[in-house]
Amino acid sequence: MSEYKVVFHIDEINKLRLLLNNVGNLLNVADNKFCIEVVANSEAVKCYTKNQDADVDINIMDSLNQKGVKFVACNNALMGYDIKKDALPDFVDIVPAGVMELVKKQSEGYFYIKP
Amino acid sequence: MSEYKVVFHIDEINKLRLLLNNVGNLLNVADNKFCIEVVANSEAVKCYTKNQDADVDINIMDSLNQKGVKFVACNNALMGYDIKKDALPDFVDIVPAGVMELVKKQSEGYFYIKP
Amino acid sequence: MSEYKVVFHIDEINKLRLLLNNVGNLLNVADNKFCIEVVANSEAVKCYTKNQDADVDINIMDSLNQKGVKFVACNNALMGYDIKKDALPDFVDIVPAGVMELVKKQSEGYFYIKP
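Chains as they are written, first to last, in the working numbering: chain F, 12 to 126; chain L, 12 to 126; chain B, 12 to 126.
Extracted from the complex, chain F is given alone in its bound form:
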């Protein structure tokens, strides 16, 4: 059994379903252990906001989070779109700069994938 660290990058809202499929497919690969983080910056932080349309996606993220997937939002982007912390689900972590998080994770041995 190998252990892989993977950071997924999303900065476009319309890539969310593609990204969630990617993450789900990765977790379904048997006989491996994964350490997965999703970093959303730019307009993609809106994917985390709770609203009727996105409920299905939020539920998928919640269930992935319960399987160990970390979801992260860029604070620069949250401020840019005037999204408050309490508009986000509890499972979302906020980092000061999404792009720095992408750099930091890669420096920790995470592999970068941009769906």
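Simulated from the structure, these hints should not be mistaken for lab results. Check before you lean on any hint, since a few could be wrong.
Pairs count within a copy or across copies, as identical chains cannot be separated in the list.
[What the hints assert, rightly or not] Once the Cα atoms are required to be at most 35 Å apart in a straight line, the calculated DSBU-like pairs of lysine-lysine come out as:
#	residue 1	residue 2
1	K95	K115
2	K61	K78
3	K57	K81
We have chain F already, so just place chains L and B on it with the hints.
Then chains L and B, alone, in the frame of chain F:
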């Protein structure tokens, strides 16, 4: 002479020509040896299906394959789009999960590029 | 204080502002040193051409360049779009193949980010 390993990721059909240009330009760089793999997942697996419109692209891929470029299709995506193995050119290899292949290649020292 | 090397890849004109925001946000992260290179290939080399519409962007790039960010254009793409060297700002460096530059930088320990 250096040897470089590169994995290209494609998940949008309309990025195919861009990707093939990238691969071709890389192979044209003199004095280097390349180990190149193209991983198609999501809708991009349709790029591999044989049909009149795509004949030019299939020919380009075939010729790149003869120069050593490996073309890979995600089986999750093939099933999602109901594409059978015999609809694909012989030079295409099928992997269970494209996203896992992207991780595996990077763990083997391949550099990731997403055109 | 850590030092990070990062290569940003752009191949679509409409991703320019997003990319420049990413680079700016990264530079704003305190207590770190960055070695940043932006590689433009395909149609994105047009982002470097001086024209009225793009003046704001050229100014932003110029100011980022003065903070140490390197901007690079793919010569294959410049030739494809018939863009001459003198149509580019002085701060832009030309490389024979953008995709090779992306490979080379990663082989030198740069982390890849595609906004």
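Structure-based check of each hint:
For the identical chains of this complex, K95 and K115 are intra-copy neighbours only, at 25 Å inside a copy versus 38 Å across copies, given an alpha-carbon limit of 35 Å. When the C-alpha separation of K61 and K78 is checked against a cutoff of 35 Å, the pair qualifies only within one copy, where the shortest distance is 20 Å, while the shortest distance between copies is 39 Å. Taking the closest pair of Cα atoms, K57 and K81 come within 35 Å of each other both inside a single copy (17 Å) and across two copies (31 Å).
Checked against the numbered hints above, the structure breaks none of them.
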